[in-house]
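Please build the complete structure, drawing on both the sequences and the hints.
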Amino acid sequence: GQQLNQSPQSMFIQEGEDVSMNCTSSSIFNTWLWYKQDPGEGPVLLIALYKAGELTSNGRLTAQFGITRKDSFLNISASIPSDVGIYFCAGRIQGAQKLVFGQGTRLTINP
Amino acid sequence: GAVVSQHPSWVICKSGTSVKIECRSLDFQATTMFWYRQFPKQSLMLMATSNEGSKATYEQGVEKDKFLINHASLTLSTLTVTSAHPEDSSFYICSAARSGTQEQYFGPGTRLTVT
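Sequence order for the protein chains is A and B.
Under the working numbering, the residue at position 96 of the first sequence is numbered 78, and the numbers go up by one with no gaps.
Under the working numbering, the residue at position 15 of the second sequence is numbered 13, and the numbers go up by one with no gaps.
It should be emphasised that the hints constitute simulated quantities derived from the structure, not laboratory data.
Treat the hints with care, since some could be wrong.
Claimed, not checked - If you want the ones that stay clear, here's a sample from chain A, every Cβ over 10 angstroms from chain B, calculated: (1) Gln(-4); (2) Asn4; (3) Ala34; (4) Gly35; (5) Glu36; (6) Leu37; (7) Thr38; (8) Leu43; (9) Gly48; (10) Ile49; (11) Lys52; (12) Ile62; (13) Gly67; (14) Leu89.
Stated by the list, open to error - When the alpha-carbon atoms are kept at most 35 angstroms apart in a straight line, the in silico DSBU-like pairs for lysine-lysine are as follows: (15) B/Lys12 <-> B/Lys62; (16) A/Lys80 <-> B/Lys18; (17) B/Lys39 <-> A/Lys80; (18) B/Lys53 <-> B/Lys64; (19) A/Lys80 <-> A/Lys33; (20) B/Lys12 <-> A/Lys80; (21) A/Lys52 <-> B/Lys62; (22) A/Lys52 <-> A/Lys80; (23) B/Lys39 <-> A/Lys52; (24) B/Lys18 <-> A/Lys52; (25) B/Lys18 <-> B/Lys62.
Heads up, the beta-carbon is just placed ideally off N, CA and C, and yes, glycines get one too.
Here's what the structure looks like:
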């Protein structure tokens, strides 16, 4: 079945630093979604991407849908303490209802 | 917009009893809802896809007779864990797909502890 490889698994950074994480797949996806999950909560949708090459921003967050349709990245600029959490990528193949999730990237910020 | 609620947020039950978890889309209609299970420090594991008015589609390895799913309306889906056992203890999260889009919005999750 489809799998998403998300990296890095964890990041320890200083407040104010930029962050970059990515997801790759051996399968082609026609939708990429990025979520953030806080402890004990459900994931919150950050950015949705629908076209190859699409670059979308949401405040300090920027995500891109890879040209090959097999990868996506998420950048966070000028990190702040509330950015702490687990970030998940998710993809959907053509015609499917369900999402395939990456393993998550745990972000820790040192003040 | 796109708010999904779950009830209860946490529940403790005794082994052998059944527990029902509700998932509601509060400000949009959801033709499709999904139920996930999440273990500590792990990603979300899809259990089943629920389409309004039809039977749920279960993922491989998920017992449909143990995890009963009902999606009777465009705003409500329920998951019933029947004859719960300690190994069913987990964080259960639902999501709802807004009709006409490909975006899934998640509920806040339900922490189930079976003693």
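Okay, the hints, checked on the actual structure:
Taking the minimum C-beta to C-beta distance to chain B, about 23 angstroms, the non-interface status of glutamine -4 of chain A holds against the 10 angstroms cut. Remark: the non-interface label on asparagine 4 of chain A is consistent with the geometry, its nearest Cβ contact in chain B lying 16 angstroms away (cut-off 10 angstroms). Distance check for alanine 34 of chain A against chain B: the nearest CB is about 15 angstroms away, which clears 10 angstroms, and the non-interface claim stands. For glycine 35 of chain A, the condition that its CB be more than 10 angstroms from all CB atoms of chain B holds, with the nearest at approximately 18 angstroms.
The Cβ of glutamate 36 of chain A sits about 13 angstroms from the closest Cβ of chain B, beyond the 10 angstroms cut-off, so the non-interface label holds. Separation of leucine 37 of chain A from chain B is adequate, the least Cβ-Cβ distance of about 18 angstroms exceeding the 10 angstroms criterion. With a cut of 10 angstroms on Cβ distances, threonine 38 of chain A stays outside the contact zone with chain B, its closest approach being about 13 angstroms. Even its closest Cβ contact with chain B, about 16 angstroms, leaves leucine 43 of chain A beyond 10 angstroms, as expected for a residue assigned away from the interface.
Even its closest Cβ contact with chain B, about 17 angstroms, leaves glycine 48 of chain A beyond 10 angstroms, as expected for a residue assigned away from the interface. With a least beta-carbon separation of about 20 angstroms from chain B, isoleucine 49 of chain A lies farther than 10 angstroms from that chain, consistent with its non-interface assignment. Its beta-carbon lying about 18 angstroms from the closest one in chain B, lysine 52 of chain A satisfies the requirement of being farther than 10 angstroms from that chain. The Cβ of isoleucine 62 of chain A sits about 23 angstroms from the closest Cβ of chain B, beyond the 10 angstroms cut-off, so the non-interface label holds.
Distance check for glycine 67 of chain A against chain B: the nearest CB is about 13 angstroms away, which clears 10 angstroms, and the non-interface claim stands. Every beta carbon of chain B lies more than 10 angstroms from that of leucine 89 of chain A, the smallest distance being close to 14 angstroms; the non-interface claim holds. Distance restraint check for lysine 12 of chain B and lysine 62 of chain B: the Cα-Cα separation of roughly 21 angstroms lies within the 35 angstroms cut-off, and the hinted pair is therefore satisfied. Only pairs whose Cα atoms come within 35 angstroms are accepted, and lysine 80 of chain A paired with lysine 18 of chain B is accepted, the gap being roughly 23 angstroms.
For the given pair, lysine 39 of chain B sits about 22 angstroms from lysine 80 of chain A by alpha-carbon distance, which is consistent with the 35 angstroms threshold. Between lysine 53 of chain B and lysine 64 of chain B, the direct Cα distance comes to roughly 15 angstroms. Compliance with the 35 angstroms bound is thereby established for this hinted pair. Distance hint between lysine 80 of chain A and lysine 33 of chain A is fulfilled; the C-alpha atoms sit about 18 angstroms from each other, no more than 35 angstroms. The suggested pairing of lysine 12 of chain B with lysine 80 of chain A holds, with an alpha-carbon distance near 32 angstroms, which does not exceed 35 angstroms.
Our distance criterion of 35 angstroms between C-alpha atoms is met by lysine 52 of chain A and lysine 62 of chain B, whose separation comes to about 32 angstroms. For the suggested pair lysine 52 of chain A and lysine 80 of chain A, the alpha carbons sit about 17 angstroms apart, so the restraint of at most 35 angstroms is met. Distance restraint check for lysine 39 of chain B and lysine 52 of chain A: the Cα-Cα separation of roughly 25 angstroms lies within the 35 angstroms cut-off, and the hinted pair is therefore satisfied. For the suggested pair lysine 18 of chain B and lysine 52 of chain A, the alpha carbons sit about 38 angstroms apart, so the restraint of at most 35 angstroms is broken.
As the CA atoms of lysine 18 of chain B and lysine 62 of chain B are separated by approximately 14 angstroms, the hinted pair is consistent with the 35 angstroms bound.
Checked against the numbered hints given earlier, this structure breaks only hint 24.
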